[in-house]
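Line by line, the protein sequences are chains L and X. First residue of the first sequence: 1, per UniProt numbering; consecutive thereafter. First residue of the second sequence: 1, per UniProt numbering; consecutive thereafter.
Since the hints were derived computationally from the structure, they do not count as laboratory data. A virtual CB, placed ideally from N, CA and C, is assigned to each residue, including glycine. You may find that some hints are simply not true.
As the list claims (entries may be wrong) - Under the rule of at most 30 Å between Cα atoms (straight-line distance), these lysine-lysine pairs were calculated in the DSS-like manner:
| no. | chain 1 | residue 1 | chain 2 | residue 2 |
| --- | --- | --- | --- | --- |
| 1 | L | Lys-68 | X | Lys-27 |
| 2 | L | Lys-68 | X | Lys-197 |
| 3 | X | Lys-34 | X | Lys-302 |
| 4 | L | Lys-66 | X | Lys-52 |
| 5 | X | Lys-132 | L | Lys-68 |
| 6 | L | Lys-66 | X | Lys-316 |
| 7 | X | Lys-302 | X | Lys-197 |
| 8 | X | Lys-418 | L | Lys-68 |
| 9 | L | Lys-39 | L | Lys-66 |
| 10 | X | Lys-132 | L | Lys-110 |
Unchecked claim - Some chain X residues flagged as far from chain L (calculated, every beta-carbon gap over 10 Å):
| no. | residue |
| --- | --- |
| 11 | Arg-80 |
| 12 | Gly-268 |
| 13 | Lys-337 |
| 14 | His-395 |
What the hints assert, rightly or not - Some chain L residues flagged as far from chain X (calculated, every beta-carbon gap over 12 Å):
| no. | residue |
| --- | --- |
| 15 | Val-29 |
| 16 | Gly-40 |
| 17 | Pro-136 |
Residue strings, one per chain:
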Amino acid sequence: MAAVLCVNGCTEIENLLSFCEIPRDRIRVEEAEEFLSHKGPSLTLSSGQTVTGVQTVAAYLSTISKQKLLGSSALERAQVDQWLEYWQIQLESYLNDGTLIKGALRDLDKFLSRMVYLVSNQLSLADIMLYYALHPVMLELSIQEKEQLVNLSRWFNQVQYYPGVRQYLPEVSFLRNMLYS
Amino acid sequence: MAGTLYTYPDNFRAYKILIAAEYSGAKITLPPFKLGETNQTAEFLKKFPLGKVPAFETQDGKCIYESNAIAYYVSSDQLRGKSPLEGALIQQYVNFADQELLPAVATWVFPTLGLMQYNKQATDKAMEDIKKFLTVLNNALLTRTFLVGERVTLADIALACNLLMLYKQVMDPSFRAPFSNVNRWFLTIVNQPQFKKILGDVKLCEAMAKFDAKKYAELHPKTDEKKEKKAKAAKEEKPKQEKKQKPKKEEEEDDIPTEPKSKDPYAGLPKSSFDMDEFKRTFSNKDTATVAIPYFWEHFNKEDYSVWLAEYLDDKDLKMIFMACNLVGGMFQRIEKLRKTAFASVGIFGVDNNASISGIWICRTQELCFNLNTDWNIDSPSYKFTKLDVDKAEHKKLINEYLLWEGDFGGKTFNQGKIFK
């Protein structure tokens with residue numbers, strides 16, 4: 001019997017589900033009877049148990065995905081969790097604040113100057129979820145702002161072209177040549 | 001896609017093929033291979049007339065040589081680029097890696113592995129070239145995760161494999177620090193599972209490796225008849241010429257004076273009562289007329305040492321005084337090894353367009369030092385050497401004049417002098 005996923009309006013989980021290419025006979029998506037804004041997505045396993053919350057559901061989907069999204073060691077798994085927690089606790093609340101989000105983007109840019117992916121050397125759940133979270137912000141940035149955040153832009157561009165990640169989200173364009181510096 | 005790959009182990013050219021196959025899933029069989037034997041068999045040469053490795057035979061018997069061609073064959077579409085433009089850019093980097101980068105990498109790294117003689121000038125030039133190439137790559141990789149498109153392609157594989165030796169052997173943290181984008185890219189690349197499977201853990205260099213003279217001597221035993229050896233070696237080492245640097249290496253071997261390995265003709269001589277070092281110290285630090293010259297006559301041992309007058313033969317070639325000075329300076333530089341046992345005071349006489357060079361040389365044994373080793377007789381044929389008899393008053397006077405840079409020098413006007421010590 002398939003597990004039942006109730007997305008409850010969470011597009012990140014919807015996209016992740018498509019990216020993970022989990023067959024529908026393993027997880028069936030059901031619409032909530034009524035949309036509950038205070039509740040995140042929930043997943044009812046075949047055993048009847050239910051887990052709730054975007055981070056939890058994302059981690060569960062990653063474990064049954066064919067792709068290795070949670071790192072290849074305990075440390076890497078912890079690093080993935082660290083980024084997911086950062087996303088949930090800090091980034092989400094910054095998203096509506098112009099100054100806070102600019103500071104967060106600068107921090108990320110600095111971190112990504114020496115990394116291709118957020119954790120280790122492979123794409124992980126951390127990259128995917130942060131990509132979804134930052135997509136609306138990146139879409140709004142001017143060319144000059146994107147150039148100032150060249151490391152973040154490079155990372156974002158790489159993740160959006162990773163097969164299956166972008167789903168139905170509009171493409172954010174980046175220039176390869178530097179116009180302002 | 002499947003086939004048989006002929007190569008010796010740990011061949012960085014074969015890495016490209018094996019990594020590409022990891023990405024594409026092509027099945028590659030590696031038969032036992034002995035360099036110099038397997039690739040010289042009639043059967044092998046019939047398939048691969050160059051006798052070089054890596055060489056590849058497809059499942060249905062088609063033969064391919066040249067590592068980049070084989071890597072292309074075993075690649076997936078993703079590795080080859082998804083459009084003609086991507087394909088062209090990949091070719092650009094593959095060619096850049098082999099034609100621009102690799103010669104410089106070899107010049108710098110091979111001496112540290114003892115594969116090639118060290119030549120400071122060549123190495124310095126190679127290091128400069130590599131800085132230039134890395135700057136180009138660093139700029140390209142500022143806005144790019146991988147070289148072409150957004151995923152690993154043959155461009156990344158080819159370049160990473162050619163940079164591997166640099167990162168492992170010679171590029172220490174301070175050398176590579178300015179190229180942070182290249183470092184990020186390289187570390188990501190070599191840690192991809194497909195690379196790791198072939199390359200293992202890549203440990204970046206901590207301290208810059210230097211020329212390994214011992215290893216070089218082991219790998220290049222000297223024989224008396226170098227020519228013969230070379231003819232033989234050329235035959236034997238043919239397979240290794242797959243590494244394109246090999247022929248170059250042999251050329252260079254000819255150019256570089258063989259100082260480090262040449263035998264010291266003075267080895268085994270007993271210590272003389274005339275202490276050359278002490279004389280040189282006295283000459284440098286004390287007054288020449290009152291201390292150094294008396295010291296010389298007191299201690300000089302005419303059994304162990306000989307004194308020679310050297311006169312430059314083609315005086316009319318010496319147009320300008322500074323040219324004469326350069327000539328003498330150059331000669332001193334070329335006989336660095338003689339500094340331990342020889343001393344010279346050479347004068348440049350006259351004026352521009354009417355100059356001459358002459359000097360005295362003091363050297364160990366009664367034999368003129370320049371004749372003892374072929375590396376030392378580069379400049380000496382341009383001079384006429386006359387052995388001086390220290391017991392003869394006129395010769396003694398001459399020696400004093402040259403040590404002091406004062407006197408009539410047989411009627412010549414002293415312009416300036418140079419000391420070899």
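Taking the hints in turn, this is what the structure says about them:
1. For the hint pairing L/Lys-68 with X/Lys-27, the CA-to-CA distance comes to about 24 Å; that is within 30 Å, so the pair holds.
2. With a C-alpha separation of about 17 Å, the suggested pairing of L/Lys-68 with X/Lys-197 holds against the 30 Å cut-off.
3. For the hint linking X/Lys-34 to X/Lys-302, the alpha-carbon distance of about 60 Å lies beyond 30 Å, and the restraint is violated.
4. With a C-alpha separation of about 41 Å, the suggested pair L/Lys-66 and X/Lys-52 falls outside the 30 Å cut-off, and the hint is violated.
5. The suggested pairing of X/Lys-132 with L/Lys-68 is violated, with an alpha-carbon distance near 38 Å, which exceeds 30 Å.
6. Taken as a hint, the L/Lys-66 and X/Lys-316 pair is broken in the structure, with Cα atoms around 85 Å apart against an allowance of 30 Å.
7. Taken as a hint, the X/Lys-302 and X/Lys-197 pair is broken in the structure, with Cα atoms around 70 Å apart against an allowance of 30 Å.
8. Of the supplied pair hints, the one linking X/Lys-418 and L/Lys-68 is violated, its CA atoms being roughly 73 Å apart against a limit of 30 Å.
9. The straight-line distance between the Cα atoms of L/Lys-39 and L/Lys-66 is roughly 28 Å, inside the 30 Å bound, and the hint therefore holds.
10. Under the criterion of a C-alpha separation no larger than 30 Å, the hint pairing X/Lys-132 with L/Lys-110 is consistent with the structure, at around 25 Å.
11. The Cβ of X/Arg-80 sits about 17 Å from the closest Cβ of chain L, beyond the 10 Å cut-off, so the non-interface label holds.
12. For X/Gly-268, the requirement that its beta carbon stay farther than 10 Å from each beta carbon of chain L is met, with the minimum near 58 Å.
13. Every C-beta of chain L lies more than 10 Å from that of X/Lys-337, the closest at about 48 Å, which supports listing it as non-interface.
14. For X/His-395, the shortest C-beta to C-beta distance to chain L comes to about 73 Å, beyond the 10 Å cut-off, and the non-interface label holds.
15. No beta-carbon of chain X comes within 12 Å of the beta-carbon of L/Val-29; the shortest separation is about 29 Å.
16. Distance check for L/Gly-40 against chain X: the nearest CB is about 31 Å away, which clears 12 Å, and the non-interface claim stands.
17. Listed as a non-interface residue, L/Pro-136 keeps its Cβ farther than 12 Å from every Cβ of chain X; the least gap is roughly 21 Å.
Going down the numbered hints, you'll see the structure goes against 3, 4, 5, 6, 7 and 8, while the others check out.
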